[in-house]
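A.B. asks: If you want the building blocks of each chain, they are given just below.
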Amino acid sequence: MTELLRTRNCTVFYRSDAIAVAVSTTMLASGWAGGQGVQWVDSPIDAFQVSYSDGIFSGFLLWGSAESSDQYVSFTGSHVEYGFGVLCSGSWLMSTDTYERHTYASRQSGPLVPITYVEGDKLLFSLRGYWTKEDEFTISGDPRAPNQHFSGIVTQRPSALNSMYLGVQTTV
Amino acid sequence: MASPEQFRTRDCVVLVKGDTYPVTVSEAMASAGWRGGQGVRWTASVKDEFLVGYGDGSYGGFILWGSDETSDRFTSITMNQPSYRFAVQAVGSWLFMTTTYERHTYASRQSGPLVPITYSANDKLLFSLRGYWTNENEWSLSGDPRAPNTNILGYVVQIPTVITDNFLTIQTVI
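Which chain is which? The protein sequence lines are E and B, in order. Read in my numbering, the first sequence has 82 at position 89, and its numbers run on one by one without any break. Read in my numbering, the second sequence has 156 at position 143, and its numbers run on one by one without any break.
Calculated directly from the structure, the hints in this document are not laboratory data. Every value quoted in this text rests on a predicted model; they were computed, and no experiment measured them. Built from N, CA and C at the ideal position, the CB exists for glycine as well. A few of these clues could be false.
[What the hints assert, rightly or not] Some chain E residues close to chain B (C-beta under 10 Å, calculated; not the full set):
| id | residue |
| --- | --- |
| 1 | L(-3) |
| 2 | T0 |
| 3 | S58 |
| 4 | S62 |
| 5 | Q64 |
| 6 | S67 |
| 7 | L86 |
| 8 | P107 |
| 9 | V111 |
| 10 | G113 |
| 11 | H142 |
| 12 | F143 |
| 13 | I146 |
| 14 | R150 |
| 15 | Q162 |
[As the list claims (entries may be wrong)] With beta-carbon atoms standing in for the labels, derived distance ranges:
| id | chain 1 | residue 1 | chain 2 | residue 2 | range |
| --- | --- | --- | --- | --- | --- |
| 16 | E | T18 | B | Q19 | 50 to 60 Å |
| 17 | B | T177 | E | S62 | 46 to 56 Å |
| 18 | E | V34 | B | S106 | 24 to 34 Å |
Just chain B, same shape as in the assembly (with noise of 0.2 Å):
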């Protein structure tokens, strides 16, 4: 059975929620801004707070809406989270689809030319070093110490595809 059309004018569209609360996110993030679905990581704080920064690879939680979406121009949420320094973090069981994921290896995008990754359904995923969704173990492709990456935050639902506007569904279990 065929799905009705899906809108997919955000970075994130949710199709079952999880479990969210409001976190500070770090000044790079406030200055450099987000995408909906970029992977953070907690951080250390000079304030009794709970801080975040774009993830590493390590376990966190994603953020719900990017910082400048275009869903978002012309709201009363424009610009809302970096000024004051907040975001969404969503954690738990989401069922959602994303733009914010890896779209070339980790070694064709340091050296070129970049080589599509090629995602299947039930690929377990990690965070990229840069907090994106991926297939890749870049802690073990980098040569990080922390090598390999054991965070294991979701399942492929439905890779990407021009029926899904290059969309990937994600099941995630953070």
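Isolated chain E (complex conformation) (with noise of 0.2 Å):
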């Protein structure tokens, strides 16, 4: 295959579905990276919005808020500005580097273990809307285990042949 050129957080080989959505103050404020899961929210006007995904899936963010590929080009802040992401459900097969790279329990402890993907893991959204394909309700206590919310699938291990990117088919 041709070298795949990877400069933004979602690099996409098919694209399937796509809604501009608001996003939530929250959103705003913080920004995100493109990959990011989320989830719908009540909105106070009559908007579809959604925030920050944790584990349960409406969809993933396409674009991040400000990526480096979108510095000084006419995109440059109009996601924040506007308040709106670009939301991405249906089956995509795209790579990412928005994902969990080490496990739950040592990112809350430490010392931090990798979390090794392999082709045909199923994926699911951490509790902090990142790809990861392990079930963060079950490990973490909450009450909503187990994490029945299966997202998408490994296409493509993270390795230096692919800049550590995460394949994935979404199932969204």
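Mind docking these for me? Both chains are given alone in their own frames, and the hints should help you get the complex.
C.D. replies: Listed below in structure tokens is the structure:
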């Protein structure tokens, strides 16, 4: 295969469904990376609004709020200025660097233990909305456990060959 | 109301198209070939590519066109896919008919005599251990440690009969 240029948080190989949504004030304040998992939240106005996923999925955001590839172009800052994101659902084939690299347990108390991904692993969203193979509802003792919001599958494990991007086929 | 006659000259006859993208196929698939409708699973590669191998019941997708279908003979696509080691993977929501399904129970295929599988409309469909569509959970039947197989990938829309040339019609949920 020819070299793939991965200059964004999400590199798309097959595009599926996308819709513009309003993002929460929390997200506007803190920003987000492309590939961020989101969930629907209530809105005081008539808007379809999302916020950071805590394991539940509604989809993922295609573009980050301030990616380096968007700097010095007309796009710079427009997500945050207008309070929107592009929500992706359906069957995407993409690579992303927005995934959990270390186990939930080790992120709480250290030392950090890498998560090993292999092709075919089922993916969920972590408690902060990153792609992961761990069921963080169960691991954290969340009363909603087990997390059955299966949202994707690993198509390509992160390695030096792919700049440590995780290949994902979505099932959102 | 009866449908007009359907021409079923391929392994998969598509009524509603879902999503598709090209993928690299494994050496094993390229050398042994595959049928249209074959289930596949993602496989590790030593290159930066999206590689699939024969399905074994895992989640994945199916291959739209067989590697050497009769309908492709004497056309420019003849043996194109195995030569270039690619295939068209299908995912998402499809409505299609296929001949690539298990006709006989897993148990009877091991020791015979062959016992037909009875399909009914709305049956949940999985991939068998060789990546064919089936309503049997072959992980459980074979004692596979991954059992039970919860990777539901489709539903039966129309059962195989002489009316349908024994094609199985499937709605996919991949």
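A.B. asks: Take the hints in turn and mark each one as holding or not.
C.D. replies: Structure-based check of each hint:
no.: 1; hint: L(-3); verdict: holds (6 Å)
no.: 2; hint: T0; verdict: violated (15 Å)
no.: 3; hint: S58; verdict: violated (28 Å)
no.: 4; hint: S62; verdict: violated (20 Å)
no.: 5; hint: Q64; verdict: violated (26 Å)
no.: 6; hint: S67; verdict: violated (30 Å)
no.: 7; hint: L86; verdict: holds (6 Å)
no.: 8; hint: P107; verdict: violated (17 Å)
no.: 9; hint: V111; verdict: holds (7 Å)
no.: 10; hint: G113; verdict: holds (5 Å)
no.: 11; hint: H142; verdict: violated (14 Å)
no.: 12; hint: F143; verdict: holds (8 Å)
no.: 13; hint: I146; verdict: holds (5 Å)
no.: 14; hint: R150; verdict: holds (6 Å)
no.: 15; hint: Q162; verdict: holds (7 Å)
no.: 16; hint: E:T18 <-> B:Q19: 50 to 60 Å; verdict: holds (54 Å)
no.: 17; hint: B:T177 <-> E:S62: 46 to 56 Å; verdict: holds (50 Å)
no.: 18; hint: E:V34 <-> B:S106: 24 to 34 Å; verdict: holds (27 Å)
Of the numbered hints given earlier, the model fails hints 2, 3, 4, 5, 6, 8 and 11; all others are met.
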